[in-house]
Structure formats: C-alpha cells, structure tokens
Amino acid sequence: MIALLSDQLATSEMTEYYRQYLSVGVFVLASLVMVGAMLGVGYFLRPTRPQPQKYITYESGSDPVGSFGQQNVRYYLYALMFVIFDVEAVFVFPWALNADGAAQGGLGWFGFIEIFVFVAILVAGLAYLWRKGLLKWA
Amino acid sequence: MMLNQFLLLSAFLFGTGIYGVITRKHTVLVLASIELMLVAVNINLVAFGATLNNAVGQVFALFVLAIAAAEVGVGLAIVLLIYRNLRSANPDDVNVLKG
Amino acid sequence: MASFRNSIQGMQKGLGVTLKTMLKPAVTVHYPHEKEEVTARARGVIALQEENCTVCMLCARSCPDWCIYIEGHKEKRPARREGGRERTVSVLDRFDIDYALCMYCGICVEVCPFDALHWSPEYEYSEFSIASLLHDMEKLGEWEATVPEIEPLELGAEVKKAKK
Amino acid sequence: MSHLLAIDLPGGWQTTLGIKTLIVMGLIPVGALVLGYTFLLKMMSHMQSRVGPMDPGGFHGWFQLIGDGIKFIQKEDIIPAGADKRVFKMAPAVVVMSTFLMFVVLPAGPNAVVAGSIHNGIGGIDVGIFYALAVSSLSVIGVLMAGWASSNKYALIGALRAAAQLIAYELPLVLAVVGVVVQAGTMNLQGIVFAQRDGEIFGWGGIGSPYILTQFVGFCLFMVAAQAELTQPPFDMPVAESELVAGYMVEYTGFRFLFFFIGEFGTAFVYAGLAATLFLGGWSIPGVEGEIANWVGPLVLFAKIMFVAFLMFWARFSYPRLREDQLQSLAWKWMIPISLINILVTGALKVAL
Amino acid sequence: MGLMTSGALRKGPLKPVGELLNYSRKYSLWMFQWGLACCAIEMGVALAGPRYDVMRLGVIPFPASPRQADLIVISGTVTDKMAPAIRRLYEQMPDPKYVISMGSCANCGGPYWDSYSVTKGIDQVIPVDVYVPGCPPRPEAFIQAIVMLQERIQHEDPADRWQGKGWEPIVVGQ
Amino acid sequence: MTAFDVDPKLYSPLADSHLNVELDTGDMVLNIGPQHPATHGTFRLVVRLDGERVIKADPVIGYMHRGYEKLTEYRTYPQVTTLINRIDWLSSFANEVPFIAAAEQLMGIEAPPRALYIRTILTEMARISTFLLFLGEMGLQVGAITPAFLGFRDREYPLNLIESATGGRFHPNFNRIGGIKDDLPWGWIAECRNTMRKMLDSCDIFEDLVLGNPIFQARTRGIGIIPAELGAAYGVSGSNIRASGVDWDLRRDGEPLLPYNEIDWKVWTHQDGDSYARYWVRLQETRESARMILHLLDQMPSGPIMAKVPRIIKVPQGETYVAAENPLGEMGYYIISKGATGPFRVKIRTASFSNVSIMPWLLQGIYVPDVITVLASLYFILGDIDK
Amino acid sequence: MVAQNVAFWIFAAFMAVGAVRVVTTDNIVHAALWLVLVLAGGAAQFIILGQEFVAWVQVIVYIGAVIVLFLFGIMLTRAPMEAEEKLNNNLRWPGLVAALLFSGTIAWAFIDEWGNDNVALTKPVRTKEVGELIFRGYLVPFEVVGVLLLAALIGAVVMARKD
Ligand code: SF4
Ligand code: SF4
Ligand code: SF4
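In the order they appear, the protein sequences are chains A, B, C, D, E, F and G. Per the numbering used here, the very first residue in the first sequence carries number 166; after that it's consecutive. Per the numbering used here, the very first residue in the second sequence carries number 28; after that it's consecutive. Per the numbering used here, the very first residue in the third sequence carries number 391; after that it's consecutive. Per the numbering used here, the very first residue in the fourth sequence carries number 33; after that it's consecutive. Per the numbering used here, the very first residue in the fifth sequence carries number 6; after that it's consecutive. Per the numbering used here, the very first residue in the sixth sequence carries number 108; after that it's consecutive. Per the numbering used here, the very first residue in the seventh sequence carries number 236; after that it's consecutive.
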C-alpha cells in the first residue's frame, strides 16, 4: 500500500505541479462532498417539528430587542494593522528562502539589510502607533 | 492555453468593476468594485509573466497586491470617517467640500 | 523583570496543579455500579411503621406542605383483659405522602408522638409519571426496612432517652 | 481523465490520489475524535479529579464522541427565522474546508504525502507551509459568516472577536514560521523535515537538528499563536461560554454544529502536526531510514502530534482567558516584535554562519 | 423527511440502525446548563463535579445554549415570571429533546405550594419525561433518574414519541 | 413572530447616558439572562452596548421571587425555619441562625453553649462550602475550567459533614428555638478536623491555580472597584465591603449571637476594592473559617443541646431585628410577633439584594468581559436577591 | 493541455458570476462574500498559470485579510440583515455602456495584439526565483512599498481613530 502511496515516477515538473494542485482541488471537492453527505444523511433521519418559538433568535430566553449589527472601531483598527503587516510578512518569505550567505548562492548581507530596512520601516510605524497610545483599548 | 483567454477574463472583470464603481451607492461596494478591477489587472500581469516564463509578472502582481491592501485600508478608514461625520456611506452625499 | 518572573512562576504553578491532579486518582464514585453509603441521618424518604400510628393527624397538620393524606376509622376491639372494657382503636385506612410535594423538612417525623414515622436514606424512587410519586401506606411500610439504626452520639453529648 | 489532462499521467495515479483522499478524509474526523476523546474528555476530566465518560460503549466511554456524532445527525435542523439562510448554511462548510485543505501538505513519511509526488527528491507542494497558513486563514471568513448570518447578538460579537483574534494571531504564526523557513531554506514541509533529519548540531548529527533547539523562541511563539488560532483558553474569548454562551456557534444545531466541532479539533490536530513537523522533525526519527520510514513515519508523527497536543490542551485546561484587549496587546506588543527580532537574528546568523 | 419519526426504524432491515440511533442518543445527552434554584446547585455543581461526575454516563453538562442541548433539567422553583422563558428555551431546543423535572418545586411547587408567584409544577408548561423527588434530590437520585431516562431512550421508538404515544393522562381520583 | 415586534421604545430610558460614545455606531441592547451561564440562574441584565462597552446596565430581578415574606405569615415558627433554608440556598444553615436567634430573643430563651458551638461550626462550614463554590466558579467565569471542578470537589467534604450531622446536604433544618435538633454523631469531630485540614490545602490550590495566575490578575485587578463609602452607602456588606477596606464584620461587631469572641480569629480586609480583592478576601476568609472551626472543635463544651422550651411554641408579642454575618453579607430578620404560633410579619434583609444594588453604578462604562468578572466577583445567589 | 483549459473555463465562469453578483447584489455582506469567490477564482487562475506564490499570497492577503477588513467595515457602518432597497443609484444604463465600451476596447486591443500567443509553461515559477527577482531586480520598488505601507498604516489608523 505504501508503494501505492508513493509516486516515484518520472514526470515533467509542470505535470507534477498540476497534479499537486489537483489534489488540492480534490480536497476542496471532498470536503464539500463530506459536508453534503452528512447533511444528506441527517436530512433523511432527522425530525422536524415546528414550534412557535423555535425559530426565534436565542437571547438568553428573553425577547430579542433593539438593533443588531454594529461594531466597535477597535476591531477595525486591528484588522487594518493586520492587513498591512500581513503584506509585510508575505514579503519576508521570498527573502527567507534566499537568506543564505552570498557564498551559498543566497542574498547574503545585502538581502539581510534590505529586509531589515523593510521590517524596520513597518516596526517604526507600529512603534509610533504604540507610543501614540492608539493600540490601547480604551 | 491561449494568452487571450486570460486577457478576456481580465477585461470582463475590469468592465464589471467599472460598472460597479459607477452604479454603486455604498462606498464599501465601490471599494469592492475597485478590488475587482485590481484582480483583473493582476490576472493580466501574471498571464503575461507566465507567457514570458519568468517571475516578473508575479513580482509586479505582488506589488499590486501590496498597494491594493494599503488602498483598501485607507479607503475604508475614509469611509469610516465619512460615516462618522455624515451618518451615511453614500459617496454622493460627500459634497460638503463643494463650497 | 521581577514581575515577569513572577508571572512565569504563576503560570507554571497552575500547570503544576493540573498535572498533579491528573496523576492522582479521581475521587469519583461510580454511582449506578457502586454505591456510597449514605449517612444514617440522611433525609431520603419517610417510612411508616403502621402499627405505631394512631391516626392522630398531628403530622398531617404540622406539615408545611400539607402533603400527608390520612384517613382512618375507629374500630372496636375486644378487651385485652378478661372482662375489661372494649377498646376503641383507630385503624389507618389511608396514609399517603405526596413526594412530589414534600419538602423533606422532617417536621412530621419529629412531631409524631408515637414514633410511627422514620427517615430512611433511600433515594431511588424517581418516576415517569407524577402521579406515581404519591406513595401509599404499603410502599411507606416497605421503606421501614431500610431505616438505619440510631447512631451513637459524639463525646460530650448529653445522654438522652433513646428514641425508637 | 488521464487523456483529459493531456500530460503524462502514469496509470494508477488517480487511484493513489483517491486512496490518499479517502485516508485523509477519514483521518480528519478520526483525528478530531482522538484529540477530543483523549484530551477534551479524558485528560480534562482527570485534571479535574474526575474520570470522564465511562459507560458509553462499555470501555472507558470510547463511544462517547462517536455517539455524539450519530446523535447530532438525528437532531432537528433549526435555522432561525431572522437568519440569512444561505450564508448560515455555508459557514460550517467553509470552516471544514479550511481544515481539510490544511491536511494536504502534512507529510507522514518520505513518500507518504498527499499532494503530489517526487521530482527533486522531495514531495509535496513547494510553498507548503505558506499554503497551510493561507488556507487556515479561510476559516476567518467562515466564522464571520456564521456570526453574521445567525442574526444573533452573541453570535455577532463572538464572530467579530473571533475574527479579530484569528487575524491578530495569524501574524505571529506566520512570522514564527519564517525562522524555520530561513533555516531550512525551503517552505516545503517535506523539505523542512529532511533538513531537520539531515541537519547537525555543532557537527553532531546523531539526532539531526530538530528546530525546537535552534528555534525555541519560534516554537513558543508558534504554540501560543496556534492556541489563539484555535480559540482555546487562554485565548477563547470568542466562544467565552460564560458571557457569549457559545460565541458564533450559538444558533447552530445538529450536524452543522458538529462541523464546527470537527473543524476545531481537526484544526487542532493539524496545528499540532505542523508544530511537530516544523520543530520536532515530523515523521523522522533517528535511526529509521529507507522504505521502512514510510511505515514508521505516520506512527512517529502521530506520537509527536499527541505530545504537542498534550501541551496545548494542558494549557487549555489550566488557564483563565485573557480579555480581548489583553489578547490583542499580547499579540501586537509582545509576539509580533519578538517574532520579528527572531527572524532578523535567525537571518543574520544564517548569513554569518 | 424524518425517517426517524416515520416508524421505518422500528422493525425490518433498518432495526439495527434504529437501535444504534437510540444507543447514541442514550449516551449523548447534552444537558442544558440552566439552574433555577437550590436544586440547580445539586444539578450543576454536585453532579458535574468530580464526586458524582455525571459525564461518566454520557451526559455532557456543557452547552449553555439550548440549540445544542438534548436534555433540559428543570431544577428548581419555576416562577410565573420565569415560565414563559422556560417554555421558549424548551422550544428552542432541537428535537428530539428530553425533560427531567428535578425537585419538589419543579414537580409541583414544593415548599411554595401556596405562594402567589410560583408555578405549581413545570409539567403545566412543558412535557416532562422523568420526575425526581427530593428537596433537593440527592445527586444519586438524579443519576438514577438519568439511568431511567436512558433506559427509556434505548427502548423508545421515536415514531411513537412523535405521535404522543406512551403519555398517559393523569386521572385524579382513581 | 411575536418576538420581533417588541417596542424598542421600551428601552429608551436606557438611552440617557452621559458617557462619551466613541463612534456612535448605534447602540445595541443585549439581554444577559434570564438564562445565561454568567448569571447563576435567573438573573437578567439588560445592557446597552456601544461596541463592547456598557453604556448602561439594568438589572431585572424577580425571576426567582417566591413571596417569602408573605409565606412566613402563614407558617408556624418551625415551618418558617425550614422554609428560610431556601433563601440563600448555598448557606442554608447560616440563614436559620439569625431567625432562630430573633425568636429566641422574643421568647427570652437562651440556647445552651454546646448548641451555640455547633451552630457556629455549622455556620462556618456553610461559609466554607459557599466560598469554595465561589472560588471555583469565579475561575470558571473568567475562563478557567479546572478550578471550578476542583472547587466542586472540595465542596463535597463539608457538605458530607453537614449531611451526617443534620441529615440534609443542602437544607439542614437543624436549628430549633432553644437549641439544635440533635447532637453530633459519633466520630464527627475527628472527621471534621481532617476535613478542615483538607480545606486549608485546597485554599493553597486555589492560590496557585487561580489567584497567582497572571492572567487572572490581569482580568480582575482594577475591575469593578467599589469605593468604600459608596459601597457602604449602597448597603454592600460582607466580603464585598471588606474587600474595599471597610473593617466591618458582624461576627465581631454585631450582637454576640454566636460565641465568636471566645476564639481567636481575624477579620480580613483588602484595600483595593476590585474583583481581585474580593476574590482574595474570600480566599482568606475560607482559610480563616477552617482555622476557626479547628479552634471551636478544641474548645467544644459538653452538655445539653436544648434549652427548656414549651412544646407548642408561641412567641410572645413584640418585635425585633437580628442580623448576622452570612457568607454573602449581612442577613437580618425583622420579626413582628403577635403571640401566635407563627410570626405576624417578617421582613427579610438579604445580603445579595443590597450587594447587587450597586451593579448599575459598577457596570457603567466597562466592557462586556468585565461585566462577567464583576458579576462573578460580587457573588450573589438569586434566591437571596429575589426572596 | 485540455485539462488546464477546462479548469480555466470553470474558474472563469465562477469568477464571472461572482463579479456580476458583486456589482448587482442587494446585500452588502453578500457582495463581500461574492468577492471572495472572485478572489479565490483568481488564485486558481494564478495556479493554472504556474505562479503558486502569488496565488497563495492572494488567498492570505485578500481573502484572509482584506475581505475581513471589508466585513468589519460593513459591520461598522451597520449592515442590515435584510437586503437594502437602495444600494444602486440610477446610473445603471450609463454604467453599463461605459463598462461595455471600456472592456470591449481593451479586449479588442488585447486580442489584436496578443491574439495568438500561447502560454507555454515548462516549469512553475518557484518562490525562490521570486525572492531573487524582488531583492535583486526590484529593490527600490520593494522599499517603496514598505514606505507606502507605513504611510497607509499610520494614515488609516489615525483617521479611523477619533481624536
Ligand atoms: S417532611 Fe415535611 S413536607 Fe414532607 S411530609 Fe413531612 S412535614 Fe410534610
Ligand atoms: S403523627 Fe404519627 S401517629 Fe399521628 S397520624 Fe402522623 S404518623 Fe400517625
Ligand atoms: S425543590 Fe427544594 S431544593 Fe429544589 S429548588 Fe425547590 S426548594 Fe430548592
């Protein structure tokens, strides 16, 4: 069975690449199928008994009141910071793959300084916000 | 694969984006439409890069992505500011600057 | 820095407690499979010693929930001694306790002058229907078998005349 | 399909993929069950001086979670009247999908990888760990969808908290990984395992070089961030039982609820697997080489996963939860700076050495 | 669809399936965490606690939301002000669901039988499966009630339950 | 759907808030309770939120109102004694003491010293079991599961003792006018000593697991501060006010109902007045109670447990107010007697009712997670609020 | 290369539907979710084009972060559960015309210019190459992006925060 699991077959790099992502695609489908199948089984089994209050939103047993759907600015701020820093993190990866010293064919100190400057710029931003007290909750 | 199928797709997305920018009344939706256009641009870039068989397109797409992220951040911050001051998210309402 | 070290220590201690608890055996009693002995004083259910009851109704009247239902009638019995007077005894027709209502206060047991009611630590009498929680004389009499002996008292207690 | 792809597909390949898919599809619920049973039910109970399920199934309650699953299938499916029905129904699928996709890259042996085969000696998706992090971020969308579509205030607050927390800790998670990537020079998880297996510590290669030794800071950051990503105590504000009832899952009944459950524990399994692969050497164990590693590998990996999961759940059952702002400031003021420093130091050392 | 309630699982080839379903329902009773009065302490604290550990029997006392619960234990005094909320929460639970009434108050008012604000028995509001006597019942008494309920679930036919069979009206004065 | 046409104006009085609202995103009214894990049962809190910040909190009580004060008018003294067990159901024994003491005062009876000692021991034991529940429950409310279960575990030991002495795990109904019902069973004292040592150990566990945890401290320090004067003005009592630095304990400062002055003990206070302080004070008081019980056991006098009491209890005309330090705070009974077998009127002053009255003030302007902390640290029992 | 084409058209169809729904749906949250579909389709196209890194960057940045930001923004400005009647202004026809004109033009231009070019991939673009290209070839733009992000960060946070 392990022999089955291992595909030691010479193929072109591109084919192999597509095949890897084919498995990803299969997994997307598989997860959907699993969800669907289980819900399907449930659909055949489960009872349905409408009761007058069953479909009311649960709110600790009292009537749901007032408006719904508004939120806090702070969450937004964090999301905002996340977007920016996420982009930063994404750019770190290509460097990380080439972080070797120049002798080994990597970017060496040159790349290091570059990424250092890049990170430093954003950390400076973070430090600025921190100092300004914008990271505080209240 | 033909290159032009990607180009057509991107043209379609771009057009949809333009339609959205023109017709949408909610600022957030306008921003979403702009995102559509940026995706179209990225598909173009990457498709060209793939045709050239190198990473240049991808690198540019990465830069576009970074800038798009910054754009959304600032854009939504502005929306928030407008919303806070005008209680509306309709770009047409923002005419306080007009004398 | 000291506070930092303190917090690290605080975090570690918590982990230590849970780990230690995990390695010690659990205190659980596996109830339906093994049973703990309930203390003799536990107020589980009221048992009735029918012979002792004189239908004086004291228990029913002092019950805060009025959940004791007693019916009885008088009967003439032949005299004990030859030539004595005919005795009148009260015979219990019905002695029901509604355990759905009873608040297990023990007032009835205490108040009974003839020592007809006792606490039994029995507790397994849940029912599917509320009507079956009304237990009659017979059932109450059965519980009498489970009434424990009176325990000895702690040092320094005043020796009372033993009940029961 | 082979001729459809029009590329040299060797015969039998589809079957392999099919088998692998089936195995992994089975693995996710089973992994969730094993973790849930061992840790959530048994370990937690013993930590609390209890015994946990005993009767279901007869032997130490092994049937408990399976029974839960079967029971949930039979439960009525309630969608609140005010809910956005389509989004409400889709949300659990998104969460489950995110979990499923993460499993794709986890290597369990030199050849036992789901995605793809060997070209340059190692299998698996080339962007491996990056891919895993990317698909893990999909669950944020699922959570937000669930919370919003429920039209329930607890759910909405819970979802927003969850989303804010998931994204805040996504960063330390990503950044903690970078150190490993710098050291290994690859993002391919299989490559990282090989790098650890073949690495040496000061010229001594007896046990390879598990990165937990060189990247201990990274490991700690990864564990803490993973804990937060799983919304487990001490980072379980979003599902804080004592205030938000059940957070974004409040309105979910029956099987839809179970999907969140599978998602939670499946993801815990995967994160433990990622930590084991990135920092503990994955399936490799000193002294086992060659074809046999394909057989031993999964077991070794499983053992390591259980170890990592034990650490996670141990903390889970010992600590109270942080408040939302404390949680955020922990991420922004401590973990992100530390992980950046970690990256730079690792990078500098890498260049210098 | 509702195969469960159609009676198809009662006999024939699907009978083992029905039994498995019953078995899993029996050992997966998620108990809604909701206490009303003193009995709640016995129910939520003593029972969940290490000494009695009701989890042994597959009763999971965790869900705080009715949507994930199978079993609601009315543990304590039900006031007239509370009764509508109880009804609502009961209805918000997905079927199949079970109810245990714990303690004299929930059974029929108990010590407050003459109070102006107490509902005299929860069965006026929602249907009850098992009544546990006591004030408060000992935790063991409650566990026994759970065992009783589990027996009932093992042998029940959901279809019958659905059609309301097995519920006998109480006739006073028999 | 009936639920959706609730008039929003119903809640408009909540709108007049003086807080500076950050981004006026519209307020959200959130019901916490009546069924909610944080409210120990049936308490309801209507909070008006801006984001996650509480603008105004309105406690809604009465979901557990059982009409105690009315019921007592229709019951005899022994019947009332058993009924009031159920007011503060966690420390039932302590409920009985002030009521019995009041009746005894009216009748001019004094219970024998052994009875008083046993009363004190059992009261303190009720305190321990109540506080152990609190120590665990508070952990649970701030998110740690394990302390709760450890608290539940250790709580069983004093409950066992209470049961073996009184016959009831919860509702002992053990006090009688003029004494107590029964003497202790054989072997109880030795058992009690062991248990109290165990309790001291378990306090250490809570100190390690909860109190010393930096996360717990971060969650509770500075949260829900009750200033001493304000607390006193609201009528907050018990450990809650002692945590604000007010050195006031009815066991020491009140009428000497029980022989507290015969032993050596200490009233614990904390200066901070926040949730942490309340937890700290209760932890110390648990320890202190355990130590007290050990002392009391050493000094236990022998002798009768009942004074001479007429068979049918009729309390002579008069009125009196007797209050005692319950685990939750000051609990008092104002009894008017008209010479019948039952009281004419009883007014019950319960601790939790006054303790939670400060809640709207306390909750203003804090965040939802802190609401839970504050609720948990105030520690109320619903029956004690609603009566 | 049939399979890739089939995959392309499937994803393209998804993207097209998603894009149209983004600009026409009545519910803002739905619009954001449809946008997710478009973005995911985009990532899939990148993968088909052999550029895996940018594809997953698209997922991690766009779907994982930007969409979340969108949703937060929507919830801040109070999205109602129900569809809103007036999300569109009455510029529907002009918009359609403009969109058709523009996309028609560029589509024509593209086809005219590159109509017969083939995407002939020999191997996928590995991330290592991307790194080398960024850090050797596009050094200045890279640092500029850093500064830009800094500006956006500070600007947006200060703006969103009321002071
Ligand atoms: S125990 Fe109390 S309530 Fe029960 S029957 Fe006896 S007196 Fe009545
Ligand atoms: S008080 Fe005793 S003797 Fe009198 S009726 Fe009741 S049980 Fe019988
Ligand atoms: S039955 Fe008794 S213990 Fe239970 S809630 Fe009622 S009064 Fe309290």
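Rather than coming from a laboratory, the hints here were simulated on the basis of the structure. None of these values were measured; they are calculated from a predicted model. Just so you know, not all the hints are guaranteed correct.
[Claimed, not checked] Heads up, simulated DSBU-like pairs for lysine-lysine below, C-alpha to C-alpha not over 35 Å straight-line:
(1) 464/C - 421/F
(2) 305/F - 288/F
(3) 305/F - 414/C
(4) 74/D - 121/D
Hint by hint, which ones does the structure fall short of? none
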